[in-house]
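S.K.: Now for the letters of each chain:
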Amino acid sequence: MAVFQAALLNEVEKLYKKKKAFVAIILSLSMIVLGQLIIVGVRTGFGVRGVGSAEFPILVLSVVVNTILPLFTALVAIDSFSGEFSHNMMRITLTRPVSRFKVFSAKVTAISLFILANLLLLLVFSELAGFLFNANSASFGGFARTVLAYLVSFLPMLVLALGIVLLANIFKSGISVFFLSILFFLVFKVLGVFFSSYASLFITTHLDWYNLWLAHSFPGWKILRQLLIMAGYGIMLFTAGFYLFDKKEF
Amino acid sequence: MDKVIEIQNLSKLYPNGRGIHEINLDIYQGDIFGFLGPNGAGKTTAMKVMTGLIRPDRGDVRISGYSVIEDYEKAMAKVGCIIETAESYPYLSAFDNLKQAARYYPGVDHKRMDEVLELTGILRYKNEKPRKFSLGMKQRLGIAAAILSRPQIVILDEPLNGLDVEGMIDMRKLIKHLAETEQTTFFISSHLIHDVELTCNRIGVVYNGRMLNVESMDSILKNYATLENYFVSEVERNGRVPSRAS
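Just so you know, the sequences run in chain order R and B.
Read in order, the letters of the first sequence correspond to residues 1 to 250 in the working numbering.
Read in order, the letters of the second sequence correspond to residues 1001 to 1246 in the working numbering.
Simulated from the structure, these hints should not be mistaken for lab results.
All values derive from a computational prediction rather than experimental measurement.
Any given hint could be a false lead.
Claimed, not checked - Pulled a few chain R residues facing chain B out of the computed Cβ check, cut under 10 Å:
| no. | residue |
| --- | --- |
| 1 | Ala7 |
| 2 | Leu9 |
| 3 | Lys17 |
| 4 | Lys19 |
| 5 | Leu94 |
| 6 | Ala199 |
As the list claims (entries may be wrong) - Computed list of lysine-lysine pairs in DSBU-like fashion (alpha-carbon distance at most 35 Å, straight line):
| no. | chain 1 | residue 1 | chain 2 | residue 2 |
| --- | --- | --- | --- | --- |
| 7 | B | Lys1132 | R | Lys172 |
| 8 | B | Lys1099 | R | Lys172 |
| 9 | R | Lys17 | B | Lys1132 |
| 10 | B | Lys1003 | R | Lys19 |
| 11 | R | Lys19 | B | Lys1132 |
| 12 | R | Lys247 | B | Lys1074 |
| 13 | B | Lys1129 | R | Lys247 |
| 14 | B | Lys1126 | R | Lys172 |
| 15 | B | Lys1078 | B | Lys1129 |
| 16 | B | Lys1222 | R | Lys247 |
| 17 | R | Lys247 | R | Lys18 |
| 18 | R | Lys172 | R | Lys19 |
| 19 | B | Lys1132 | B | Lys1078 |
| 20 | B | Lys1126 | B | Lys1074 |
| 21 | R | Lys18 | R | Lys189 |
Where a beta carbon is used, it is the ideal one built from N, C-alpha and C, also for glycine.
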């Protein structure tokens, strides 16, 4: 466990010192400011109500889980793998007394922590923005539901990250992985629309699964089914990614 | 003396037909082993297999009694190495680069990190990032990271790359000092044959992926004027280098 902790600490330090994660978080937060400015503008300019305190964080979530959050997750995941493959930096870690499984797991855990941190910061700031500008509709129940929506959004984002990690272990170039990730993302989104009966098989559909948790009549079976599909994808993608990482020659 | 590295029937063949074939070699504690061979002979391939960067097709390497294939963490626990080029994270300072390595070794503290930076002559650059370093300074940082944990075995692939004359002399002194005072075993490959002659006490010659011979430096210098003569003679017998030095 001590070796894994050391590997994880190293990965987190690299993520932090590269400042890419920091820039990603700043840009995510700027989405909130922009969103709130638009709402205030719409309300004062056109007399439209916009969204209340409870709805604003959910509105932010619905935008970021389909746009910047997958984008930044892809950037961080690609940098963590392809970035180190291309500059032979992976050798620095792999020639230390740490198994490849622990290195791989530490990298995936660091990416997970980045996703979680990004989601939590978005939650805090969108709640603050919602409260400051639309305090009239604030309630504890609404807050709890919002927290739940943000927390459950972590799971599909992690599965998406594992898919990108797999691609990073298949293709040499980080740029190829980045564009392929975007391509797959768009293709799955379109397929999800045209083949709606099979939509639950596409991971991009699950990005919106937080809506299930917000439904008034709790769809327990549907949540369980989606949870199991995501867990299945997660296990398969992790295993395939690690298999390729373990076989790689440096 | 104790065997610290055992290379047994090691084979690794690349799709282009190159690689290493059935290499057998024992390295003993306190050896400063020079691994010589022409370009493409298989030196780096052997060293990459030894450090787990690539897997062999056949055979095994045991370091301190542990297989690098089956028990990697234990095998590498007392090993420091540089393979091909001394890599470092360009966005971390020299000190932070060492800190990354230090986390894997419980006994390594900040004092030790300063100590290795001092030993390799880059202490005053400890807070600078390697992206601003010259090749020689990067090499010094790589060597500092390799010896950071007071390893019993140090595997160095072309450790003198990019070093100036002063750097080469310093590095030779450092290797000899560690071998004498801490009984550190060195496994070194280098193209600088004169430097290998001055540094190493045992020599192995690899050619076309096969181990040709292993001899002590003393016995080589009894029979040949220089290590270069020995090397040329060994390789010539296998039909590669035209006779030029005798």
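S.K.: State for each hint whether it applies.
M.R.: Do the hints match the structure? See the list:
1. This hint holds: R:Ala7 has a C-beta 8 Å from the nearest C-beta of chain B, less than the 10 Å allowed.
2. The beta carbon of R:Leu9 is positioned within 10 Å of a beta carbon in chain B (closest approach about 6 Å), and the interface hint is therefore held.
3. At about 6 Å, the closest approach between the beta carbon of R:Lys17 and any beta carbon in chain B falls short of 10 Å, and the interface hint on this residue holds.
4. Of the supplied interface hints, the one on R:Lys19 holds, with its beta-carbon coming within about 8 Å of a beta-carbon of chain B, less than 10 Å.
5. Below 10 Å, beta-carbon pairs count as interface contacts, and R:Leu94 has one with chain B at about 6 Å; its hint therefore holds.
6. Hint status for R:Ala199 relative to chain B: violated, with the closest Cβ pair at about 41 Å, above 10 Å.
7. The suggested pairing of B:Lys1132 with R:Lys172 holds, with an alpha-carbon distance near 27 Å, which does not exceed 35 Å.
8. At most 35 Å may separate the alpha-carbon atoms for a hinted pair to count; B:Lys1099 and R:Lys172 meet this at roughly 28 Å.
9. At most 35 Å may separate the alpha-carbon atoms for a hinted pair to count; R:Lys17 and B:Lys1132 meet this at roughly 16 Å.
10. Annotation: proposed proximity of B:Lys1003 to R:Lys19 is violated, straight-line Cα distance about 46 Å (limit 35 Å).
11. Between R:Lys19 and B:Lys1132 the alpha-carbon distance is near 18 Å, which keeps this suggested pair within the 35 Å criterion.
12. The suggested pairing of R:Lys247 with B:Lys1074 holds, with an alpha-carbon distance near 20 Å, which does not exceed 35 Å.
13. Between B:Lys1129 and R:Lys247, the direct Cα distance comes to roughly 32 Å. Compliance with the 35 Å bound is thereby established for this hinted pair.
14. For a cut-off of 35 Å, the pair hint linking B:Lys1126 to R:Lys172 stands: about 33 Å separates their Cα positions.
15. Under the criterion of a C-alpha separation no larger than 35 Å, the hint pairing B:Lys1078 with B:Lys1129 is consistent with the structure, at around 27 Å.
16. With a C-alpha separation of about 46 Å, the suggested pairing of B:Lys1222 with R:Lys247 is violated against the 35 Å cut-off.
17. For the hint pairing R:Lys247 with R:Lys18, the CA-to-CA distance comes to about 27 Å; that is within 35 Å, so the pair holds.
18. A distance of roughly 23 Å separates the Cα atoms of R:Lys172 and R:Lys19; the hinted pair therefore holds under the 35 Å criterion.
19. For the suggested pair B:Lys1132 and B:Lys1078, the alpha carbons sit about 30 Å apart, so the restraint of at most 35 Å is met.
20. Proximity of B:Lys1126 to B:Lys1074 is assessed by CA-CA distance (about 30 Å); at most 35 Å being required, the pair is judged to hold.
21. Simply put, R:Lys18 and R:Lys189 have alpha-carbon atoms about 31 Å apart, close enough for the 35 Å limit, and the pair holds.
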